[in-house]
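Engineer: Going down the list, the sequences are from chains B and D.
Counting in the numbering used here, the first sequence runs from 188 upward without gaps.
Counting in the numbering used here, the second sequence runs from 681 upward without gaps.
The set of hints was computed from the structure by calculation and includes no laboratory data.
Note that this is a predicted model, so its numbers are computed, not measured.
Certain hints may be false.
As the list claims (entries may be wrong) - Cut-off 20 angstroms, straight-line C-alpha distance, at most; resulting in silico cross-link-like pairs (DMTMM-like, lysine to aspartate or glutamate):
hint, chain 1, residue 1, chain 2, residue 2
1, B, Lys-250, D, Glu-997
2, B, Lys-402, B, Asp-354
3, B, Lys-320, D, Asp-1058
4, D, Lys-1057, B, Glu-313
5, D, Lys-962, D, Asp-990
6, D, Lys-1057, B, Glu-318
7, B, Lys-277, D, Asp-1079
8, D, Lys-1044, D, Glu-981
9, D, Lys-830, D, Asp-841
10, D, Lys-1090, D, Asp-1008
11, D, Lys-1044, B, Asp-451
12, B, Lys-277, D, Glu-997
13, B, Lys-610, B, Asp-354
14, D, Lys-870, B, Glu-351
15, B, Lys-250, D, Asp-1008
16, D, Lys-1044, B, Glu-313
17, B, Lys-623, B, Asp-636
18, D, Lys-870, B, Asp-354
19, D, Lys-719, D, Asp-818
20, D, Lys-830, D, Asp-818
21, D, Lys-822, D, Glu-706
22, B, Lys-277, D, Asp-818
23, D, Lys-1022, B, Glu-318
24, B, Lys-970, B, Asp-945
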Amino acid sequence: MVENTQLVSLTVDGKKISAPAGTLLIDACKASGIEIPSFCYYPGLSLQAACRMCVVRIDKMPKLQTACTVPVAEGMVVTSESDEVRQARKATIEILLGNHPLDCPVCDAGGECELQDMTFTYGAAESRFMEAKAHKEEQQWSPVVFFDRPRCILCYRCVRVCGEVMDVWALGVQNRGVNSVIAPNMGDHLECEECGQCIDICPVGALTSGAYRYKTRPWEMNHVGTVCTHCGDGCKTTLGVRRADNGMEIVRGDNRDKSGINGDFLCIKGRYAFDFQQHPDRLKQPLVRKDGKLKPATWDEAFDTIAKRFNAIREQHGGAGFGVIGSTRTTNEENYLLQKFARSVLGTNNIDHHRTADYPAFAAALAGKPEMAASLRDFEKTPAILLIGNDPTHQHPMLATAIRNNVRLHGAKLFIVNHEGLKLRRQSKAYAHIPKDGYGKFIAFLGGDDAVASALANGHTNREQLMAMREMLRGEHQLVIVFGAEVRGKDLETLVKLGMSHTGVKFACLGDYANSRGAADMGLYPDLLPGFTPLADAGDFAAEYGASLPKSAGMDLEKMVDAAKAGKLPAMFVVGANPMARYNVQLGELKNCFLVVQDMFLTETAAMADVVLPAANAYEKSGTMTNTYGDLQIVRPAGDFAGAKPDLELIVRIADRMGVAPQSLVPFGRGTRADMGQSRGAQSGEADRHAIWMVAQGIEPKVSPFDPQALLDEIQRLVPGYGFSRLNLFAGNDVPTHTAGKGKGAHQDPELIWPANDTLFTSGTLGRYSNTLNSVVEAHEGKRYPTQVETD
Amino acid sequence: MADLVQHPDEVRVISQRFGKGAAGIETYLALGGYQSLRKALGMKPDEIINEVKTSALRGRGGAGFPTGMKWSFVPKESAKPKYILVNGDESEPGTCKDRLILEHDPHAVIEGVLIAGLAVGARQGFIYVRGEYRYLVDILRKALDEARAKGFVGKKICGSDVDFEVYWHTGAGAYEVGEESALMESLEGKRGIPRIRPPFPAVVGLWGGPTVINNVETIAAIPHIIEMGGAKYASYGPPKNGGTRLFCLSGHVNKPGVYELPLGYPMKKLIYEVGGGIPGGKKLKAVVPGGSSTFLLTPDEADGINCDFDSFSARGEFLGSGGVVVLDEDTCMVNFALRIMKFYQHESCGWCIPCREGTDWLKKTLTRFHAGGGVDKDIDNILYLSQNMLGRTFCPLGDAAAIPTMSIVKKWRNEFEDHLHGKPCPYESRVWPEPALA
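Full structure from sequences and hints, please.
Structural biologist: Following this line, the structure appears as structure tokens:
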């Protein structure tokens, strides 16, 4: 797509400005530092010209014109500030305020309200009216969406974001004239994806969130820009945080400043499902099994118990005595440390995690071609997308939104191959509905094997349609191919090879959780070191770790669980994972296995443990995470939770108690102490200038053994593909990594991949501890997910 | 069927078949119907457009835009189908002419659509009838069936190689849909809310295709223009104001009704000769010249003005839609302003803030004011609210509400002052009928 770069010049308030032809006047002004107010105009949504706040005087035009509908023209002379213009805007505010309840002191939006701001600017302080205000009772439309009608100014942003951006169309306008009202299209409730975009985009306090309303005044919150902990898209979220008795409470999630990879988008999980953080079931002190029961214990007691047993088992069985299971939600630094601890301290390659995508095969297929890995940002403007498998609407809501926006705003062509009917089909140019076991055949068909076409044509999509789709795809030379866990192993390799014969093709591989990609990149595999480095190529890692690393591949997750059940695995160390629930292991089934679990909750796995350490979650720690597209982002702590510690600290403390020098695990001790910005109040979207300055000066900030930056440094140094720009990262931007392309990769047993198949309203084990998610699940499905597990 | 009226000054072109049963196709054919269509089928598109340009026909919906010029804006080549759309959403208070045309001469409208389509290259036409005119739909539907049966509508019309479909459609009762872009939204099945312009309908209209939108009376004049020639039609009126139009005379006159008179007919004669003067010999107080959205005239102004587009625009005012409402000396102008504001407040579509909120606050303020609760600053406040709608709303409905209100406050300010300080209405010697609003 050729960008229109032809500039036109115009004059606004006597100032000469220029903008690309076709730019709307309101945007051209904004880009030149001239703010034109508006309620209804919102970039990326259809034009309304309804609020009349953006009126300006344009020479040679008879009336005031709306800057949101007029494109810039050469020689245009515009007056955006004059008595006439100010008066028109003031009059609009006056009549709006006439019926507005002015309940700002109790309104959620008070302090962040565009109507307040504009009243302040245009000064409609005196009322011209005597009549009573029209009042209507508030309504609840869903567990999370409330509507206060009198506050609504009818800017139609909510209607458009729901329809145009989300393709949900749950909201509409009822009645006419002064009785016009925003209303659900399905009577008294919303039938929607509960994304909360309507609430977020509301310029006033008309739409409010069930999770946030009446909880705080905006100025009483701290705002922390971090990464959402749920799916693999890695949306940036700004957490609104208040102090609480036990540390802090997150009361809101949004990305109103559009600072991240996701613009202002968040799905229900990003926007509301942070409330597990204050769930009453959270573990607040270590538990140690005594007389067959888990009992509260001191940290010292817990660490001593672990260290003693680990040392003894290491003595007796060596590394083979341990199984280590990592997390798809912990940070890169923690995952890196965990595998380093497993390999260099415990001496085992028995390490794995919940695999949801075949990243090693992806890395192997892309080896030597890092430029062919697509970032999430590639979906914003690429002219064509081929989606094979997966349902992004549920499993990657941000990807689905990026695709919809690209189709809507840039006319991208979407091709879908799936065994089910996806909602994204409405945006697709061509859709191949294939049998569930047909993905490999489809890839063969793409490669020119016509013999499989009849097996693919299953009554939904016939042979001619398949042929036509293949023909169209062959004509696309800037194509992003994105696939879910349906494509793995040899199929994945075939697909990528096929794409390599085409210039301009990029690939993305979809895994399920916030740091699934990071767990893979950081080497939570029994046969791969960080960066998909084969054990045989351990060179740099072996040199750095200063220990003789185990040479042969360890057990995968399933084998470890089986060995533990068979009494053949003396110790298991599980960090932020719940494998016993997934493998349906019952209490008492583990035999002679000393199980240590780090978790927030007493999960099925934790309930079987000998020691449980209460862990902090991603919203309570520093570090980095890598989304499924390889985009690396910074994770910032919203605050502490009394009684819990970050996994990184827990691992270091266990090692320390085992008699290992922390310096051998975390290269700390040089430079000046600095965290990743929070202590200096760096907020969402705001660059942490202090940290950037220090990095630019070459000051290495790592003094504490629990400082993830010390590990980040090692990751940057050792992990192929992690040579990113630190300046960019610390400024809060997403930076691309290239383990796929730089690392060697491997082919493993594709059966080990177990996609989570989460819906919009579930999020693995973590999701059930979110009251908001549960309330939505209850409203939609009439049930809640229980959080209490069976204990002995 | 409405009672028909007549006056010797009338020049009966559009209304020549009124009262003669021309809604039936046999009578229409006997009275020369569909001859113009046959003639137009033998003409080149540009010849038809030029004939209409020569006729100096101007839009009868109220804006008075030259019809031939509007047609010429339609691109010759278009990837999307072109459409003829007849605006029969006649809702302007005081206006009741389209209703008579559709009732007495529906085939003239159908024939007009066909000729317009031949001129601009459209092969589909829609006749959109106001929701409240539901009884006319039966008449129109029957006429369309008959025209189709006779081969004037449908495949190969009049034996030519032209296929032409004409459809009817009703509104759901919204004044706003009389605005042409809102009408298209409504016809497409959406809320009746205007569109952002440009693009104009002649380029991007119904379902994105180039669309000619004409008033019922405008389109009904087309067959007559083709038949008699543009020059003859133009000669009925003053220069650039071709032909005749239907004046809908109502209010305080002895002989209200719809009269067809040449454009440029003097207002004074219209009231006192055609309308037979004011009942009881009372004095004139005000005239609404062309539907409630126009500037009201004082008796002096009404005395000296001729009813054509240019005479009004020279004053910065509008001839409007032909709905002439006469108000006698016993009329309370505050109450009149309130009555029309009730209409606009009820009919505002609500899309933009100045109109939605402005008409409501005007209605509330005028209600209190007329009931005796007015204060000094209300008078200027009414002007202020009106001024803030004029030219600043999304569509002309805001203007339509502001214009009469401002002209009443400016020209009859004394009547507002007489209502101040809790006095009962000093002009209320007549009880106003208050029809229930739909």
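Engineer: Does each hint fit the structure? Answer for all of them.
Structural biologist: Hints and how they fare:
no.	hint	verdict
1	B:Lys-250 with D:Glu-997	16 angstroms, holds
2	B:Lys-402 with B:Asp-354	30 angstroms, violated
3	B:Lys-320 with D:Asp-1058	18 angstroms, holds
4	D:Lys-1057 with B:Glu-313	13 angstroms, holds
5	D:Lys-962 with D:Asp-990	30 angstroms, violated
6	D:Lys-1057 with B:Glu-318	14 angstroms, holds
7	B:Lys-277 with D:Asp-1079	19 angstroms, holds
8	D:Lys-1044 with D:Glu-981	30 angstroms, violated
9	D:Lys-830 with D:Asp-841	15 angstroms, holds
10	D:Lys-1090 with D:Asp-1008	18 angstroms, holds
11	D:Lys-1044 with B:Asp-451	40 angstroms, violated
12	B:Lys-277 with D:Glu-997	28 angstroms, violated
13	B:Lys-610 with B:Asp-354	9 angstroms, holds
14	D:Lys-870 with B:Glu-351	16 angstroms, holds
15	B:Lys-250 with D:Asp-1008	35 angstroms, violated
16	D:Lys-1044 with B:Glu-313	18 angstroms, holds
17	B:Lys-623 with B:Asp-636	19 angstroms, holds
18	D:Lys-870 with B:Asp-354	18 angstroms, holds
19	D:Lys-719 with D:Asp-818	29 angstroms, violated
20	D:Lys-830 with D:Asp-818	18 angstroms, holds
21	D:Lys-822 with D:Glu-706	13 angstroms, holds
22	B:Lys-277 with D:Asp-818	50 angstroms, violated
23	D:Lys-1022 with B:Glu-318	16 angstroms, holds
24	B:Lys-970 with B:Asp-945	16 angstroms, holds
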